[in-house]
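Please build the complete structure, drawing on both the sequences and the hints.
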Amino acid sequence: MIVNKRITTILISVLILAVVVLLIAFTNSASAKADATAPLPTASFAVNEDGHTYGNADQVEELGYFPDLLSVVCEDGTVGYAYYSDITGVQPKTPEEALRLQEANGGKDRTIPVYKFDGKTVIGQYIIHGIDPKDMNVKYYYSSAN
Numbered sequence: 001m002i003v004n005k006r007i008t009t010i011l012i013s014v015l016i017l018a019v020v021v022l023l024i025a026f027t028n029s030a031s032a033k034a035d036a037t038a039p040l041p042t043a044s045f046a047v048n049e050d051g052h053t054y055g056n057a058d059q060v061e062e063l064g065y066f067p068d069l070l071s072v073v074c075e076d077g078t079v080g081y082a083y084y085s086d087i088t089g090v091q092p093k094t095p096e097e098a099l100r101l102q103e104a105n106g107g108k109d110r111t112i113p114v115y116k117f118d119g120k121t122v123i124g125q126y127i128i129h130g131i132d133p134k135d136m137n138v139k140y141y142y143s144s145a146n
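By my numbering, the letter at position 142 of the sequence shown is numbered 142, and the numbering carries on one by one without gaps.
Source of the hints: derived by calculation from the structure; they are not laboratory data.
Being a predicted model, the structure only gives us computed values, none of them experimental.
Ideal placement from N, C-alpha and C gives every residue a C-beta, glycine not left out.
Hints are not guaranteed to be accurate.
[What the hints assert, rightly or not] DSBU-like mimics (lysine-lysine), calculated; alpha carbons at most 35 angstroms apart, straight line: (1) LYS120 / LYS93; (2) LYS93 / LYS108; (3) LYS93 / LYS116; (4) LYS108 / LYS120.
[Said to hold, decoys possible] Label pairs and their computed distance ranges (CB to CB): (5) PRO95 / VAL122: 29 to 39 angstroms; (6) GLU96 / ASP118: 37 to 47 angstroms; (7) GLY77 / ASP109: 13 to 23 angstroms; (8) VAL122 / GLN91: 30 to 40 angstroms; (9) ASN105 / SER44: 26 to 36 angstroms; (10) VAL73 / VAL47: 34 to 44 angstroms; (11) SER44 / GLU96: 36 to 46 angstroms.
Written out as structure tokens, the structure is:
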């Protein structure tokens, strides 16, 4: 009688263990299948008919690069797109060139056109307000040391 009780206990333990193993295997299989069918995140900006990308700053953080046309808000509140190259303007190649550009353009506003997503239809303007470095209480230091 003790032997039968022991065999029954072992069989019940093996059965419980088998059920647990099957449940774990089924759960992992279902999870893998769900992951495989989940939609992949969009890895690019929208593209207009001329091939220009367009989007907003939140997407820039996610994707890690800027679109050709970046979403902006016009002075009158209209939302549109400005060419990123217009927003950034001329980019200096050396510190000396940067100082020359800063001296020449310091304090001057720049007005750039704002378009529909097509990059052609002008719907307003975006003003980048200039700050004259002479009006700032900040000292800039340049060092060629790495």
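Each hint tested on the structure:
1. Between the alpha carbons of LYS120 and LYS93 the distance comes to roughly 30 angstroms, so the proposed pair stays at or under 35 angstroms and holds.
2. With a C-alpha separation of about 21 angstroms, the suggested pairing of LYS93 with LYS108 holds against the 35 angstroms cut-off.
3. Between LYS93 and LYS116, the direct Cα distance comes to roughly 31 angstroms. Compliance with the 35 angstroms bound is thereby established for this hinted pair.
4. Restraint check: the Cα-Cα separation between LYS108 and LYS120 comes to about 26 angstroms, which is no more than 35 angstroms; the hinted pair holds.
5. About 35 angstroms separates the C-beta atoms of PRO95 and VAL122, a value consistent with the hinted range of 29 to 39 angstroms.
6. At roughly 39 angstroms, the beta carbons of GLU96 and ASP118 sit within the given window of 37 to 47 angstroms.
7. Evaluation of the 13 to 23 angstroms hint for GLY77 and ASP109 yields a pass: the beta carbon distance comes to about 18 angstroms.
8. The hinted window of 30 to 40 angstroms between VAL122 and GLN91 is violated, with their beta carbons roughly 24 angstroms apart.
9. Range check, ASN105 to SER44: about 33 angstroms between beta-carbon atoms, so the 26 to 36 angstroms window is met.
10. Between VAL73 and VAL47 the Cβ separation comes to about 22 angstroms, which falls outside the hinted range of 34 to 44 angstroms.
11. Judged by the Cβ atoms, the range 36 to 46 angstroms given for SER44 and GLU96 holds: they are separated by roughly 37 angstroms.
When the structure is compared with the earlier hints, violations turn up for hints 8 and 10 and for no others.
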